[in-house]
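K.L.:
So you can see what is in the structure, the chains are spelled out below.
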Amino acid sequence: MPVSLLWAVDVRGRVYRLSTGGQQWEQCHDTKLEFKRVTAATQCCWGIACDHNIYLNVHASDLSIRYQEETYENQRWNPVDGFSERLLPSDRWQWSDVAGLVHQPLDSFDLPSSGWEWEADWYADENFEAEPTEKGGWTYAMDFPATYTKDKKWNSCVRRRRWLRYRRYKARDSWAKIPSAQSALPDPVSDISCGGWEISEEPRGRLSLWAVSLQGKVWYREGIQHHNPEGSSWTEVPVPGEVVQISCGPGELVWAVLWEGQLVVREGIGRDCPSGGSWIGGHWVVVGVNVVWAVTKDNKVWFRRGVNSHNPCGTGWIGMVGEMIMVNVGLNDQVWALGSAERGLYQRQGVTASELSGKAWRALSAPRDSERSHSSASTSSLHSAGCFFTGEVRGQSAASDADSDIERERAASGGSPVPATSDAHVGDPGHAPDPEEDGQPGQSRGPLWSNVDLEETQSQPDPVVEGAPGWAGPDRADTCSLSSVVTYSLALEEEPYGEDGPPMWAWVSGGGCAHVLSFPWTALVQSVQSMSLSISPGQTAAWHQQILEQLGQRSKREMENFKHYEQAVEQSVWVKKGTMQWWRDWKPHKWVDVRFALEQFSGPDGNKDGILFLYYNFNEEKKYLHAFVNEVTIFVPVLNDAKHTFAIYTAERTKQRWPIRLAASTELEMHDWLALLSVSCCDSRGIQGPPSKQAIWSVTCRGDIFVSEPSPALEALPYPTPCEQMFWRQVGGHLRLVEGNSVGVVWGIGYDHTAWVHTGGYGGGIFQGLASSTDNIHTQTDVKSVYIYENQRWNPVSGYTNRGLPTDRYMWSDASGLHECTKTHTTTPSPHWTWVSDWAVDYGVSEGTDREGWQYAADFPASYHGYKTLKDFVRRRRWARKCKLTTTGPWQEVPPIALSDVSILPCAAQSSVEVVPLWAISNKGDVLCRLGVTTLTPAGSSWLHVGTDQAFKSVSIGGASQVWAIARDGSVFFRGSVSTCNPAGECWYHIPSPPKQKLKQVSVGRTSICAVDENGNLWYRKDVTPSYPQGSSWEHISDNVRKVSVGPLDQVWIIADKVQGSHGLSCGTVCHRLGVQPLDPKGQSWDYGIGGGWDHVSIRGNSMDPPRICLPSLTDQSVPARGVPHPAQDPEGANGSAGGC
Amino acid sequence: MADDKDVLRDVWFGRIPTCFALYQDEVTEKEAEPFYLLLPRVSYLTLVTDKVKKHFLKAVKPEDVEEMWFEYEGTPLKWHYPIGVLFDLHALNTALPWSITVHFKNFPERDLLHCLSNSVIEAHFMSCIKEADALKHKSQVINDMQKKDHKQLWMGLQNDKFDQFWAMNRKLMEYPTEEGGFRYIPFRIYQTMSDRPFIQKLFRPASPEGHTHTLGDLLKEMYPAAIAHDGDAKKYQVLIQGIEPLLETPLQWLSEHLSHPDNFLHVCILPVPTD
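Order-wise, the sequence lines are chains A and B.
Going by the UniProt record's numbering, the first sequence opens with residue 1, and the numbers climb by one from there.
Going by the UniProt record's numbering, the second sequence opens with residue 1, and the numbers climb by one from there.
Extracted from the complex, chain A is given alone in its bound form (with noise of 0.2 Å):
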C-alpha cells in the first residue's frame, strides 16, 4: 500500500499528519504559522492559516515537477549575411512561440512564484521528430509558416530551433503562500475544500479547489494541474446567498451551505468545466464519490442513504450515533470525524462498497512526535508499540440509544440501510432532517440560522448550538472562528490544554489517506495484544518456535527407533474425478461434456507421478485421452468471456498449437483443479519453494504470472533443449509484466502501473495451504478497465443516431463490433473482478476524439479520426469502466510512483550488498532509476529522476551499465556515462532510428541491444563496442515480434505474433532465437516455445553458463572484450520470420 497521509489540525492551530505507514502524529514543523484548516489531496494538502491566506503544502516526491519553458528562435537567410536574425517586415518576431504570433524574448520568462525555480540555462534543443538534427537544432523550411524539415536544402530561405529551459517547483513539503483572491480589497478567507481529482486524467494531477470567503462569497482556482500546483488564478463563483461551507467530492459533486442553512449544490461540473455551470438547490452535505454525510448543529452526524449515481439526491436521511463536531469524507469513501466532546480523531469503521455507512466509530489514537519524547516510562511500551485503537464511542442520549438499536439491526440484517418507520431519526426524503422534530422535544422548531443568532453565539459561546436548526457547516467552531478568532477559542474547553494531555483536534482531512480494509493502524491492534503478553517482538515467535522443536522431539521420541515397524494404513492410488467440458479435438469444435479424472500414485522411487483421464464420447462410442502429469508443460488459464476455461499443454501439444482445452462449471472449480493440477505436477518433477534466480518469467494477457526452471542446456550449443519441453508454473499475483535479473531481483508491474517487488515467495493467488509459502504472500490489487463501443450511423432526417443499417455492427458493441455490448451487460472479466466505477466516456484513444468523445468514420469498419468531415456517416465512442482484482501472490508494492517499463541489470555481481542498477518509466513518461537495490533490499530505497525533454516508454540497462531508452514519439537514446558510481549518467544521445520505422522497445543484454517497432519488427545494433557503444546501424533480425528480452548470456527470446502449428495458429508465443553466439549475435531461426496468449517474457534472469559469467568491461578498456559482437554477414535466408510464415 503506498504511503497515504492523514492530516489534521489541532486546537491550537498545530498542523500534524499521520501515514498509514507511520506511527505516530507527525507535526508539521517547517512552520510557525497557525492554521485554521486544512484539505488534503493525495498530492498535496492545502490549508488556511490564522493570516486568513491559502497556503499550499506539496508532499515530496522522488519525481520532481518540472515544467518545460520554451520558445523558438526564427532567422531568415539574406545572400550578405546568410542566415541572420534581420526577418523582413512581415515576418514574425525573432523569438516567437510555436506559431510565430507572440513575441518571446528569453528573458522575458519569469518563474511564476516563489516556489519555483530554474533547473539550468536555456539550450537549444536538437531532436526534431524523433530524429536528431545537425549541429544546433536548426530547421529548415522555404518560408514561415510552413513545414519544417532537419535537412537545408537549397530553397531553405527561413530557418528556426527550439530553445528549452526547465522549471522545478522547490517549494516541497513545506507551506507556500498563495496570493489572495483579490488584492485591492482584503477578504479573509473561511473555508477551503479540494476535490475533484476523479473528473478526468488530463491534465495530470488536475485538482478542484474551492474557497469560501467571510463575506459568502466562493471562489474557484484555476489551472492546478501537476506542473503548476499552485493554480493559476483565482475566480469568483456566483452564488445564489451567503456561503458558509463548502465540499467538494472527488468526482462531480460540490456541495456549499447557505447561512440560512440551505444546502446548494453546483451543477454541470465535468471533464471540459471543473467549475461547472450553475447552483441548483438541495437539500443536503459533505461528500465523497458515493456517500453524503452531515453534522447538524446540535453535533448530530447523518448519513444519507441511497445515493449514487443514478439517483445523487439519496432517499433519506440517517441519524449515527455520536456526537461530532465535523465529519470529513477521504478516498475510498472513508469517514473522519472529531468527537464533540473530547476532540478526539474517530474513524468510521466498517465503511465497505456495500455498507457505505460502516458500523461504528473507532477512536484513533496514535501518539504525536513531540509527545514521545517526553512521554512517562508507563505508556511509553504501549506507545512504542504504534497506533492503537480505544473502544467505539458510546450513545450519549436516549436518542442516540435509538440509533444504535439501528444500525445494530442494520448490521444484523448486513444489507442496505432498512428504513425504520419507528424511528424519528430518518427524516422525509427530500427534506433537511430537523433535528428539533425529535432528539429535544420541548423546544420548538426555531427560525433558520441567520446572522442575528450569529451574534448572540459570539456572546455567549457556551449554549450555541443548541437553539440553531438547520444547517451551518460541518462545524461548531466555525460559529467562532467567524469573528477574528485565530484558533479555536481554548475557553470552550472545559479544562486546560495541555501539552500531556490526549489531543483536541480542531480539524481533519482525509483527502490524503488511500485507507482501505485492511489498514496497517488496525493490523497493529493485534500486534499491540499479542505483544501484551511478551515483551520483545522477538519473543513473540517462542511459542511458535516451541511447537517447532517439541514437534521435532516428538517424532525422534516416537519414531525414531520404530522406523522398522509396519506402517498401518498402505500407501494406495488416489483419484480426484470430475464433470468438464472439453473443446474437442474433431470438427466441428465445440465444447463437449467429459469426466475428467485425476489419478495420482506414488512411484516406485517414492516420487509421486499422475495421469490425467478425459473420458468422452465418439460416435456413441466411449472414448478416453490421457496424458501422464509429468509430461504436462503448463497448466494456463484461458481468457474466455462465457466459461472458466484452462489449457493443459506438453511439449507435443506446444508443437501442434493445439491444447487440450477444458471448463469447468464454476471458476472456483477450475481454481481447485488447477491448484491441484500443478501441485501434482510440480511434485512429479520435483519442484517445490521459490523461483530460482535463474528463473525465466513470463505474463500471460490474463495477467496470470509464470515461472520456469531452466535447465543448463537452455542456450547450449549447437542442441540447446527445445522450448516446448519448458515447464511451466504459476505464481499468484496478477501483473502486466516481469522484469528480473541474475541475482534474483525481480520486479512487476501491474495493469494499474503499480510496481511490486517478487518478495522470494511462491504460491498464493489459487494457490493456498500447501502450494505456497506463508510468509512472503501479499494481498495484491490491480484495475484495468473493459471497453465497449457506442456505434452510431448519420441519416439525413435526425443526424447522428443509434438507428443503424440493417447489415450494420450493433450499436453497443466489442472493438470488433462483431459482438453486442451493452452497458447493463457487460461483465467483468471474472467473478473475481468487481466493478469500481461506472461506464465514462473515454477520451484517451490514440486516434483523439472531439469534446463528446466520438471518433468519426466513412463507415464500419474503418480507421477513425477525432474531428468530423464531410465525408464521415458513422461515428462511434468508447466507454470505459474500472474494474478491480484483489488477489494474493508473492509481491510486495513499491509505493508510490506508478511504472509503465521497468528494467534490472541482467548480470550483476553475485554479492548481496552490491547495488542493483534498475531503470524505470513512470506511467507519466519520466525516466527514473532505482537508488538501494541489493539483492537483500530488492526494493531498493528512493527514486532518482532523470530529465528528458519528452515522455519515455521504454528503457533497458545491460552489461557494463548501458542504458537504451526509447521516447514516445519513437526516438531512441543511449544514456552516456552510467557507471555504478554515476548511476544516473550524465546526458542523453540520440540514436537514429531505423529508415521509416518507430521502435517501441528495447532489451539490452550483455552487449547485444535488440529493439522491436511499432510494426513488429525486430532490429540488432551493429558494430557496439566499448570504445563506441552507440554502435553504427540497426540491423533486421525478423518480422512478427511484439516483444523482445535479451539476457544476460546475450540470448534472445522474443513473443512472436502468428505462430503456426500442425493443429492451430498461436499469437503470443515464447519463441527462443537459436544460433546466437558470439560470432552471430542474431542467430540463425526461431525455437516455438509456449503460446499463445503471451503477453511478456523476461529471461535476463538466466545467466546459466559459467564460462561466460565473467563479463568484459565496456568502460575499461583494460579488459580483454571477450565476445564483443563481430559485424557477422548473415546470409539474407538466416534472417527468418518469428512466424515461420
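Because the hints were derived from the structure by calculation, they are not lab data.
Careful, some of the hints might be misleading.
Calculated lysine-lysine pairs in the DSS-like style (CA-CA distance at most 25 Å, straight line) [unchecked claim]:
id	chain 1	residue 1	chain 2	residue 2
1	A	Lys577	B	Lys147
2	B	Lys161	A	Lys576
3	A	Lys576	B	Lys147
4	B	Lys161	A	Lys577
5	B	Lys148	A	Lys576
6	A	Lys563	B	Lys148
7	A	Lys359	B	Lys138
8	B	Lys51	A	Lys563
9	A	Lys563	B	Lys161
10	B	Lys151	A	Lys577
11	A	Lys576	B	Lys171
12	B	Lys5	A	Lys576
13	A	Lys577	B	Lys130
14	B	Lys148	B	Lys130
15	B	Lys61	B	Lys105
16	B	Lys54	B	Lys161
17	B	Lys201	A	Lys576
18	A	Lys577	B	Lys148
19	A	Lys556	B	Lys5
20	A	Lys622	B	Lys148
21	B	Lys51	B	Lys61
22	A	Lys693	B	Lys5
23	B	Lys138	B	Lys201
24	B	Lys54	A	Lys563
25	A	Lys150	A	Lys1000
Residues from chain A that face chain B, not an exhaustive set, calculated with beta carbons under 7 Å [to be verified]:
id	residue
26	Leu551
27	Phe562
28	Gln567
Quick reminder that beta carbons are idealized off the backbone N, C-alpha and C, glycines included.
Keeping the supplied structure of chain A fixed, place chain B upon it in accordance with the hints.
P.N.:
The following block gives chain B in isolation, referenced to the frame of chain A:
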C-alpha cells in the same frame, strides 16, 4: 525458516509405535506373536487395525470371536477418540512401544461404543467435523461442500493422504480476515482424574475487546488448576498432539494447526508424573 505447513505435516505424520498382544485368557489355539505397528496419531484405532485383527484371528477359535476391542493397563480404549489422544491420556510417560492388549470377548458395553464397520467411524468422524464447523462458521463451510468433498475428507483420513485431506480441509480452516478468527474454537479437554468424558464449551478466539485468546486463557476459564502459579511446582501437563505448547500460544493458531482431522483441538491434562 520453518513453514507452518511443516507443522501440519508433522502433526499428520505423527506415528505411535505400538505392540499389540492378545489377552492371555483368550489365547486358545496356539501362542500368538505380538504384532508391531506404527499407528497414525490422527486416526482411529478401529480404522487402522485390520492387520491386527487378521493377525490374531489365526490364534483364536472362530467360535470365540466377537467384536475386537482394545485395552491398555486395564482401561478399555475408546476407539472414537483419536489414537494420539488415547496415547497422551493413558500412556504418554511410559516406555515405547505402547503395549495394547487385544480382546475378542467380553466387550465392555458400559465403556465402549460398538464399531462393526468403517461406516460407523466415518459417521462419527463426519459428525465431529460438522460439529466443529458449526462452532467455527455456523456450519456454512461444511454445508457449502458437496457430498464428494465430504468423501474426500474421509478418504484422506482413511488412506492417510495428507494432500487429499488438506486440499479440502483448508477450506474449513479459513475465516474472513476482518473477523480475525473462527466464531468459536472447537476444543475438547480430557482429563484422567475425572469421570466426565471431556470439557467442551463455547470459547471465542478473541475477547470482546479484541484481545487474542491464548491457550492460557482457555485453561484459566475451563481448568484453572492446570495453570501453575508463580512459585508453585507444575502440577499438570497440558498436552496437544503429544507436545506441551506454551500457554501464550494463540488459540486460533493452535486450532488451525494442531487440531485433529475432526477439526477439534484435543487437549489432554495429566498430573505431572510423581517420580
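K.L.:
Please name the hints from earlier in the document that this structure breaks, with their numbers sorted from lowest to highest.
P.N.:
When the structure is compared with the hints, numbers 6 and 17 turn out to be violated.
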